[in-house]
Amino acid sequence: GAGVSQSPSNKVTEKGKDVELRCDPISGHTALYWYRQSLGQGLEFLIYFQGNSAPDKSGLPSDRFSAERTGGSVSTLTIQRTQQEDSAVYLCASSSLSSGGAYNEQFFGPGTRLTVL
Amino acid sequence: GESVGLHLPTLSVQEGDNSIINCAYSNSASDYFIWYKQESGKGPQFIIDIRSNMDKRQGQRVTVLLNKTVKHLSLQIAATQPGDSAVYFCAENWGNFGNEKLTFGTGTRLTIIP
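Read top to bottom, the protein sequences are chains A and B.
The opening position of the first sequence corresponds to residue 65 in this note's numbering, with each subsequent residue numbered one higher.
The opening position of the second sequence corresponds to residue 1170 in this note's numbering, with each subsequent residue numbered one higher.
In isolation and in its complexed conformation, chain A is listed as follows (with noise of 0.2 Å):
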């Protein structure tokens, strides 16, 4: 089956553009995740949805960024008037709903590399 898909691969934009990136999940995960990766970093926890709503946005790095999901599938991950610090790769993940305290493999998208000029 179709792993988890996200667009564009690249994007190149000038400073104080919006962007929007997008995620498409495994299909019938219901937990999807972002991070941000920047130039030979580690994954920074960006937000995590649960269906259509969001318990923890707490990685966020300001109120330029927003995300929203609809239909419990695609995520759109928005940044408003970016700057050059937002420049990095954007991976989005996805998991299915356990129960039963058991955990569940968070699939990875191949990211958007994000380039502010």
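Read the hints as simulated data drawn from the structure, not as lab findings.
The reader is advised that the hints may include incorrect statements.
Unchecked claim - Here are some chain A residues pointing at chain B (derived, C-beta under 7 Å): (1) L103; (2) Q105; (3) L107; (4) F109; (5) Y112; (6) G115; (7) E149; (8) F172; (9) G173; (10) P174; (11) G175.
What the hints assert, rightly or not - Covered by chain A, per the in silico footprint, the following chain B stretches (three or more residues, Cβ under 8 Å): (12) 1208 to 1214; (13) 1272 to 1282.
Just so you know, even glycine gets a beta-carbon here, dropped at the ideal spot from N, CA and C.
Position chain B against the provided structure of chain A, taking the given hints into account.
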């Protein structure tokens, strides 16, 4: 704040030898740990995980060891192959049911020398 870190940023190993990648964590409440492999231009790929109630778990050619006393995690890769060359991240989770955010270390680049 709490963080996950790695002891070595780079590691070179002769093909066929075993490799060990280390990770230190500081959040004593973490109850789930994962190792990911990331190849160039790709998203992280799950390798192996371990719960805090275990101290060892084995997979195919990989073993994860957890020492809660010193808050240390390691990934052992046996009989390394060229395809093992990648960046390896440890990650920790302390959310309910694991369906919450992961905190990642900065990664170790493993290079397999043919």
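- [ ] Would you check whether A/G115 satisfies its interface hint, that is, whether its CB is within less than 7 Å of any CB in chain B?
- [x] A/G115 check fails; min Cβ-Cβ to chain B is 11 Å, beyond 7 Å.
Open item on the list: Quick check on the hint: A/E149 CB to chain B CB, less than 7 Å?
Closed with: This hint is violated: A/E149 lies away from chain B, its Cβ roughly 18 Å from the closest one there, beyond 7 Å.
Task: 8 Å C-beta test of the region 1272 to 1282 of chain B against chain A, three or more residues - done: holds (count 5)
Open item on the list: A/L107 was flagged as interface toward chain B. Is the shortest Cβ-Cβ separation under 7 Å?
Closed with: holds, 4 Å
Task: Residue hint A/F109, partner chain B, criterion CB-CB below 7 Å - done: Check passed: Cβ of A/F109 comes within 4 Å of chain B, closer than 7 Å.
Task: Evaluation of the interface hint that places A/L103 against chain B, nearest CB under 7 Å - done: Hint on A/L103: violated, closest Cβ of chain B at ~12 Å, above 7 Å.
TODO: Answer holds if the nearest beta-carbon of chain B is closer than 7 Å to that of A/G175; otherwise answer violated.
DONE: holds, 6 Å
Open item on the list: Just to be careful: measuring from the Cβ of A/Y112 to every Cβ in chain B, is the smallest value less than 7 Å?
Closed with: Where the cut-off is 7 Å and the nearest Cβ of chain B is about 6 Å from A/Y112, the hint holds.
Open item on the list: Next item in the hint list is A/F172. Is there a CB on chain B closer than 7 Å to its CB?
Closed with: Hint on A/F172: holds, closest Cβ of chain B at ~3 Å, below 7 Å.
- [ ] Would you check whether A/G173 satisfies its interface hint, that is, whether its CB is within less than 7 Å of any CB in chain B?
- [x] Result: holds, 5 Å to nearest chain B Cβ.
Task: Supplied contact hint for A/Q105, tested at 7 Å Cβ to chain B - done: holds, 6 Å
Task: Interface hint outcome for A/P174 [beta carbon to chain B under 7 Å] - done: Nearest chain B Cβ about 5 Å off; hint holds.
Going down the numbered hints, you'll see the structure goes against 1, 6 and 7, while the others check out.
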